[in-house]
Structures are given as C-alpha cells and as structure tokens.
Amino acid sequence: MNFVAPDFMPVLPELFVLTMTCLVLVVDVFLEQRQRHITYGLAQLTLLGAALLTLFTYAHAPVTTMFGHYVKDAMGDLLKLCIYLASAAVFLYSRDYLRRRDLFKGEYYVLGLFGVLGMMIMVSAHSLLSVYLGLEMLSLSLYALVAIDRDSPVASEAAMKYFVLGSLASGMLLYGISMVYGATGSIDIQLLADAVAKQGLGNPVLVFGLVFLVVGLSFKLGAVPFHMWVPDVYQGAPTSVTLYIGSAPKLAAFALVMRILVDGLGTLQADWQQMLIILAMLSMMLGNLVAIAQSNIKRMLAYSTISHVGFLLLGILAGTPEGYAAAMFYTIVYVLMAVGAFGVLLVLSRTGFEAENIDDFKGLNDRNPWLAFLMMVIMMSMAGVPFMVGFYAKWMVLQSIVDIGLVWLAILGVLFSVIGAFYYLRVVKCLYFDKPEDNTPIEMSRDTEVVISANGLLLVVLGLYPTALMSLCSTALLG
Amino acid sequence: MGFEKFLFYVFSLILVLASVGVITVRNPVRAALFLVLAFFTSAALWLLIEAEFLAITLVLVYVGAVMVLFLFVIMMLDINVAPVQEGFTKYLPFGVAVALIIVVEMGLMVSSSYFGGDRYSLVSHAADYSNTKELGSVLYTFYVYPFEIASVILLVAIIAAISLTMRRREGTKSQNPSRQVRVSRDDRLRIVRMAAEKNK
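Residue numbers (my numbering), protein chains in the order written: chain A, 1 to 479; chain B, 1 to 200.
Incorrect hints may have been included.
To be verified - Per the computed footprint, the stretches of chain A lying under chain B, defined by three or more beta-carbons under 8 Å from a beta-carbon of chain B, are:
| # | stretch |
| --- | --- |
| 1 | 64-73 |
| 2 | 106-115 |
| 3 | 120-131 |
| 4 | 143-152 |
The set of hints was computed from the structure by calculation and includes no laboratory data.
As the structure is a computational prediction, the values presented were derived from the model and not from experiment.
Cβ coordinates follow ideal geometry from the N, Cα and C atoms, glycine included.
Isolated chain B (complex conformation) (with noise of 0.2 Å):
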C-alpha cells in the first residue's frame, strides 16, 4: 500500500467520521463544526487526486465564506433543538427508505457504462502543471461572454435582496455619524446648580 493510499484511506475515515458527527451531535454549533471538519478532509482528498483548485476553493468559500455564516445564525437564532428532534421513529422508516434509495441509485451510477470508474480514470500530469491556471486562461477567454453574465446575475440577486429587505422602519434605532460628529456639549451635558446640603 503506498503513502498516498494509506493517506486517502485517513481521510476518507476522518471524512466518514465527520459527516456522521454533523447528524449526530446535539449541539448544532457542534454539528457544524463538523461540517467544516468534513470540508477540510474533502478538500484534502481533492488534493489527492490532483484537483488543488477545487480543493482551494472549497476552504475559501464553504469553510470561508458559507460555514461561517452559518455558524452565525445558529448563533444569533436560538433554535430549540427539542422539538426538531421529535418524532424521530416516526420519520425513521420513511428516511431508512430514502437513505436506501439514494445508495442504490449512486451504485447504479458509479457501476453504469455512462459515469463509470473505467470510462473516467483519474488523470494526472506533469509537476509543473498548475489547474488553476488552465482553468483562469479559459474562463477568462473562451468563456469570458458565459462568465460575464453569471457575474451580472449576482449583481441582480443583490438588487432584488436589497430592494425587498431594507426599508426604513418607524421606531428603529440607528446611528447617525455626522449629527453624532456634530454634537455639542451643551446639546448633552446640563449643569443643574443646587445648593449644598449641609449636615446637621
């Protein structure tokens, strides 16, 4: 067995390990910790196979971006767990069947002539071969005019988010920098005059 076998089987293990602590746990901060745990290890095995822009981008944008916001609104919504976990022998079977369903259908997949391991064999190149690289000369390129256009999209989710979210409501407490900068003293501070008790 070489090293780089014995690492995938580490972390395939750690990998497993993971995903089931992320269902498991009770603690959803937990849980999601081992998600990212679980990206981590992914991304590792991406690394194995070659594939270190994946890899790369899976730590910057679910570790870094995604996990991260939603570590956030775990924390900031204070979910009780107890009710979501009621119930849960009456959904068993229903999610038995489904579980089993989806394993039967990703064998059919793997072993089926179109998506098959002999069909796409793992590629490898030269050392000095970087994938980054190619992938920015041709999404920069040839699909500059497709790249484009997902990049104006995002312009438009962010419009569309923020013309239905902000509004001004009455009674809301915000800051105002520049009457705050502009305060006086006087507009704060008043000096009451009061004659001295004197003790007996």
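In isolation and in its complexed conformation, chain A is listed as follows (with noise of 0.2 Å):
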C-alpha cells in the first residue's frame, strides 16, 4: 500500500476553526462570570481567522483533496465567507440578549463555533460520508443551542421536537445515502456522478435512494411537508438561537443540496426536478398563506423562512448555471435578511420582555425611528418590494425558471409572494400607523448599532448595485 500524505493547505481554514474552538472551550472553563466577554472575543477572532484565511486562499479552480472527502473551490469558500459574516453578526447580536438572560455562558459560544465547523465541512465535502458528519455535527450543536436556556419548557419541548425529527431526517438522509452508495458503489461524489451517468435511472436501488436523500434534504431545509418542525422550534428557542438557526445553516443547507444533488446526481435532473417542482409549489404556498394567520413574530418568521425555501429551490430546480447561481444569491440575500430582522427582535427583547409578538412592533417609529426604518427596509426587502434586493434576487430565480419554460411556476410564484407581501406591510403599518403599547426606552450598545444599520442598509445598497454579488456568485458557480 502506498500512502502519500494528502495535501493539508485547503483544509486550513477547518483545522484553525477546530483548534481556536477546543482553545476557546478550555479558556473558557478559567473564566469568572464577568471575564466572559473573552469568550465572546475569542469566537469573533475564530470567525475573523477563518475568514481571512479563506480570503487568501480563495480557490479560483476546484482542488480536491483529503482522498476525495474535501474539495475546496469558489461556491465554496464564497459559502464560507458569508457563513462566518453571519455567524459573527448573530455573536453581536445575540450578545446583550444573553447576557440579560443570564444565558451569557461559554457554552454557546463553543457549540455555535461547532456549528460554523460542521457547516464548513458540508460545504466542501465531496463525498457522501464527510456531507453526513458534517451535518451531524451541525445538527447535533443546534439540537443543544435550542435547549440551552434549561429553565424554559418550551424551549426543552422544541429542542426535543427537534432532535427528534432531526434524527428522523438524518436517518432518511442515511438511507437514501446507503442505497446510492449500494447502486453505484461510491461515495466521492465526483465517482458517484460517473457511475450515475453511466447506469441512469435504470437500477430501482437508485431511485429509491434519490427519493430518500430528496426527503432528507427538504427535511433539513424545512420545505413542506417535511416543514412540521420549523415554527415549533423558531418560536421555542430562545430568539438568540432562532437567529443562529435561522441563518446560517440555510447557507450550508444549499451547499448540501448543491454537493448531493446537483455535482453527485446531477444526470438525474430531469427527476428530482419533478420533486422538488412539488416541494417549492407547496412551501411557497403553505408558507405564505399560513404566515397570515400568526400573531407570533418569530412563528411568522418561520413561516416565511418556509416560502423562501420554495423560492430557493425554484433556482435549484431549473437545473441551469444561471438559476444555480441565483439560488445562491437568493440564500445569501435571505440570510442577511434573516439576521437583520431576528436582530432587531433581539434588540426589542429586554430584561424580563421577550419581543415576539407582532404587537411589540406597535409605534416602533416614536420609539426609535431608525430601528423602524431598519425594520421596515428589512420587511420590504423579504417581501420583494422593487429597489431592494430581495425583490432582485426573486427576479433572478423566476427568470431562471422561465427560460427553462416553466412560465406557469414563475406566475405562482410572484402570485404567492403579492399575498406574502399582506404579512410582511403589516409588520410595517405596525411601526408607522400603530400607537406603541410601552415606551421604554431602547438600549443598544454602540457596535450592534452600527452592524445592524450596516445590515439594513445592505439590503438597500444591494438592491441598487447588485450586479457584484451576483457576479460572484456566478463565477463560483460557472468556475
């Protein structure tokens, strides 16, 4: 046997992350109540580590490396950056949330830095079993993050929901991979994709190994009907985690879709296209028509996560490099989004008040007309309001899908985002038109200001000149 040591430069990145977390997870144990901001700091200097050492080793041509378990190209690391980007906002934002809480503890720095590992290992995974654990690990850190304030029984219901129909979707997922794994006898995707196009759809152990990773898949996107535990566990957690799992993990659920579907079965388009036709008709559809009926902020929030995804898949699905790459601004434009408006809730939240119905939103303007205005620019960017840029990303992914001819999807589509527009204007008139309930004051700290303005005015300045992002994102994707 001749063994070669596999080159170890591409993986750098993952291995400072580990490292800084198990030093973070050490340090932390030292540390007295009031010294924990240097847990807090130590996570942000992992994130800005990783993010720099991606940005010097941005891959311009795919390397593969690990025997065939990693590979490290352009969707990759652009992935990678905006992972780290929102994982270091949700620190800040989640920062004096905790901390009136009581809830400021090293844990959740630790397992939401295991988290970013695992996400980064299912972005460049290139074999089915590195996909699988980095998923688990994710997975398994969120599972936690939901359960970390141990006095909230509704936070302990929604972690366990959770946990078990996240087991359930692993498990599926599993399956599926078994099964492909038995019909081709691969799991490195680029193996797997040769022996695919070699034996088609000919071989019913594929086929049903397909169905079973489609089933996986939309579990952990949380597309219906496989959406059961999205509201449960958004509105359950404590709105710091709902901002990390809402976030984040989107980023590297795409790069899941992308590595399983797309680069390993990617002969099969023709056939998971039709499933995933009936996955984005149905969350668009559930997502917006339900999302009306909640009082719940963080419920309609999930709701609308919901119908995202069904746009998501709407790129995915057109099986072009154009709709790949708008699916990917899409996600990213979705996560910044995302973050913004759980930022805000963060902000309203305050010792012994917990931010979360729509009501809270009443007469945000007297109160704090920026935050309103941040707010407001927020909810218009998810309801596709023209000249901001969620109304360019959902431009993007229904021009793909109509150049492939599906005319018909891209009119339901923009018919259920009008009537997702009804829940996202009401939050505004909320802000502008409403007499606030309370008026106490809004405390912010200096550093979540600026980055929560920074954020809101993203999504404005990226509605103007989106051509750069989505640049980028093409390139990745086209190589």
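Hey, can you piece these two chains together into the complex? The hints should help.
Listed below in structure tokens is the structure:
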C-alpha cells in the first residue's frame, strides 16, 4: 500500500476553527462570569481568522484533497465567507440578549463555533460521508443550543421536537446515501456522478436512494411537507438561537443540496426536478398562506422561511448554471434579511420582556425611528418590493425558471409572493401607523447599532447595485 | 458436516435461545444477562466468518460498555414490571403483525438479487491476514478526515450533554475535598466538661 500524505493547505480554515474552538472551550473553564466577554472576543477572533484564511486562499479552480473527502472551490469559499459573516453578526446581536437572560455562557459560543465547523465541512464536502458527518455536527450543536435555556419548558419541548424530527431526517438521508452507495459502489461525489451517468435510472435501488435523499434534504431545508419542525423550533428556542438557526445553516443547506443533487446526481436532474417542483410549490403556498394567520413574529418568520425555501428551490430545480447562481444569491440575501429581522427582535427584548409578538412592534417609529426604518427595509426586502435586494433575488430566480419554460410555476411564485407581501407590510403598518403600547426606551450597544444599521443599509445598497454579488455567485458556480 | 458447521449450529442455537430468553424472562436483570449471552454468541459467529475485528468490538463495546451501563440503569431505577406487562393480549395482534412483516422483509432482502447470498459470498483470506490491521490502515490514512470529524462530533455530544445536565442545585450534598483536608480537630470535636455523676 502506498500512502502519500494529503495536502493539508486547503483544509486550513477548518483546522483553524477546530483548534480555536477547543482553545475557547478550555479558556472558558478558567473564566469568571464577569470575564465572559473574553470568550465572546475569542469566538469573534476565530471567525475573523477563518475568514482571513479563506480569503487569502480563495480557490479559483477546484482542488480536491483528503483522498476525495474534501473539495475547495469558489462556491465553497464564497459560502464559507458568508457563513463567517452571518455567524459573527449572530454572536454580536445575541450578546446583550444572552447577558440579560443569564445565558451568557461559554457553551453558547463553543457550540456555535462547532456548528460553524459543521457547516464548513458540509460546504466543502466531496464525499457522502463528509456531507453526513458535517450535517450531524451542525445538527447536534443546534439541538443543544435550542435547549440551552434549561428552565424554559417551551425551549425544552422545541429542542425535543427538533431532535426527534432531525434524527428522523438524518436517518432518511443516511438511508438514501446507503442505497446510492449500494447502487453505485462509491461515496466520492465525483465517482458517484460518473457511475450514475453510466447506469442512469435503470437501477431501482438508485431511484429509491434518490427519493430518500430528496426527503432528507427537504427535512433539513424545511420544505413543505417536511416543514413541521420549523415553526415550533423557531418559536420555542431563545431568540438568539432562533437567529442562529435561521441564518448561516441555510447557506450550508444550500451547499448540501448543491453537493448531493447537482454535483453527485446531476445526470438525474430531470427526475429530481419534478420532486423539487412539488416541494417548491407547496412551500410557497403553505408558507405564505399560514404566515398570514400568525400573531407571533417568530412563528411568522418561520413560515416566511418556508416560503423563501420554496423560492430557493425554484432556482435549483431550473438545473442551469444561471439558476444555481440565482439560488445561491437568493440564499445569501435571505440570510442577510433573516439576520437583520431577528437582530431587531433581539434589540427590542430586554430583561423580563421577550419581544415576540407583532404587536410589540407597534409604534416603534415613535420610540426609535432609525430602528423602525431598518425593520421596514428588512420587511420590504423580504416581501420583494422593488429597489430592495429581495426583489432582485426573486426576479433572478423567476427568470431562471422562465428560461427553462416553466412559466406557470413562475406565475405561481409571483402570485404567492404578492399574497406574502401582506403580512410583511402588516409589520410595517404596525411600525408606523400604530400607537406604541409601552414607551420603555430601547437600549442597544454602540457596536450592535453600527452593525445592524450596516445590515439594513446593505439590503438597499445591494438592491441598487446587485451586480457585484451576483457576478461573484455566477463566477463561483460557472468556474 | 464439518466441525465449523457444527460450531455454527451450536452457536446459532444458543443465540436463538438467548434471544428468546431476553423477551420471556420476567426479571429485567436476567433479560440483560441473556442479551450479553446473545452478544457473545453473535461475536463467536462473526469469528467463524473471519470477521475477528467486528467480533472483538462487539464484545468490547456492547458487552463491556453498553450492557454494563444498561445493568446499572436497571438496578438504579426501580422499574415496576407489572404495569409494563399489562395489555399483553391487547397488543399481541399488532406485535405479531409487525413481526410477520419484518420476517417477510428479511426474506425478500436475503433472496433479492441485490443482497442475496450468491452476490455476496463469503470471503476467506490467508492465515496471516488480519482484518484489524487492514481496517486500521485505511481508517487512519484514506479515511482520516471523516474519522477525525467523527471524533469531533463525539466531543460536541459530550459538551452538549454536560451543558444540558450539569447544574448546581440548592441543597445537593457534595464533597469539597480541599475543605475536608484542611479541617482541624477544633472544627469537629467539642470537648464537654461535665460533672461526674455519683452513685448513691
């Protein structure tokens, strides 16, 4: 047996994050509660270091290493950068919230960083084994994070639901992986793609494997009819954790779909396209319709996530490089909006008061006009109002499916996003046209204010000049 | 009938009997011990097909760790068996149906063209072949990346479990070794001087 040590350079960001997370874990043990901000600082430093490492080694051509388990390509690197950025914002927004709720503990950051590591592994996975392991690392961290507020029965219930349904989804995915492995004899995504191209859909085991994979993936994405966990988990988890779940993992889930369905089973595109059409249609329909009935904003945003997932799937099911680029753009923009929306929610919560109802936004304009403006921008962007980046993202996705001739699906998409606009604009109405119910001043730290403003303004700026990000996405996918 | 085949039948018989024992004995500790026996005999069966690494791991992991833990749980928790056994006849038809489905499924699986015995025949190797060594040589080289990730996942699980369960409760009795060591006679002992009682 001849063994040559693999090239470790491409894996450097992962190694760095792992080392730093272990460091944070050990350092945190020796800290007093009042020194906890050191843990926070180290966590941010980890993300910064990983971002620099990824940026300096940005891949222009795909490199496979670790014996085919790891790939470094432009798509992966771009997604990783977005993941660091989103997680850094998550850590920042949730800092004050956690402190006020006595949850400012090292575990939040350690588990959060392990989640980031899991996402990184998923994003640059090149074998079904690393895909699955990365997913499990992320999921385990998320289950624990949801339950981190141990005294809250709602959070425990949500964590339990998430754990059971998440395990079920992982089981489905694993079942699909094992069937695909049985049919093709390979877990390496490249070899898998070659084997699938050779035998097509003649093999029933492969068909079953594909179905199970799609089911597992849609569970993880939260697409209807596998969305049951999303609203309960979003509502039950502490808002800081909801923020975490609703942001960066969506980028990783997008990568997951791209790696498995597009890179691995790309030749079966015609077959999974039909499944994704059904999933996308149902997600847009149910997400937008049910969100109207919600009075809890966390729940409303959960259903809005479901409808956004439907849109994201539209881009992927187009099956063209333009469609994938549009879906990637959509995911990044969605994460930006979700981080902002939950960020505002976190700012509004204070000691002994949890902002989670739409009514809590009433008259925000009178209390803090700038925050109200930012929230309005985010909501309008989610609704897809022109000149906001959300509009451009929706437009790109719809264009990609019109290009492949699915005009009826595009019309359906437009129809449902018009329906969806109702509940986003209702929040805007609450912000500006209702009287505030309590006039407690809103306190937020300077750095949070700066970042949340940047976050909101980015939605406008990207809406006016979307080409830079869009071209990054297309070059990342076209190579 | 060769000696190997004879051994196979002996172990299979013990395995079947032990498995029946697991679900029929009334005492949960005995059931757990029957399960240990079942694990041991399946390990022996694996040894017969030259899968010595799997056999050793089964004994080490399942018997050595999982079952010991199981026994601890059974002994610690005083489970009342009577309510668990209620409604046996009520659930019997359902149980039988599920069992039948499983048997049919297994039959289909084994006889199918994908996983049938003719497709995967027994592999045998030379006497100096060690599958522990072979497994190790790929696990730590070509699969080192997934292997390391799996170990990190275990670390995450440990952190998650500890952070969710460890808490300082009021009123729990815990030892503080450094205080125990530093204790002096005066902290514990009080010499009371009393007048001696006189017998009358």
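Annotated coverage of the stretch 106-115 of chain A by chain B, confirmed only when three residues or more have a Cβ within 8 Å
As far as the stretch 106-115 of chain A goes, the hint holds, because 4 residues have Cβ atoms under 8 Å from chain B.
Verify the coverage statement for the stretch 120-131 of chain A against chain B, using a C-beta to C-beta distance below 8 Å and requiring 3 or more qualifying residues.
Answer holds; 4 residues pass the 8 Å Cβ test.
The stretch 143-152 of chain A covered by chain B? Criterion: 3 or more residues, Cβ-Cβ distance below 8 Å.
Held - the stretch 143-152 of chain A has 5 residues with a Cβ nearer than 8 Å to chain B, which meets the minimum of three.
Go check the stretch 64-73 of chain A versus chain B for me, would you? Three or more residues, Cβ under 8 Å, otherwise it fails.
holds (count 4)
When each numbered hint is compared with the structure, no violation occurs for any of them.
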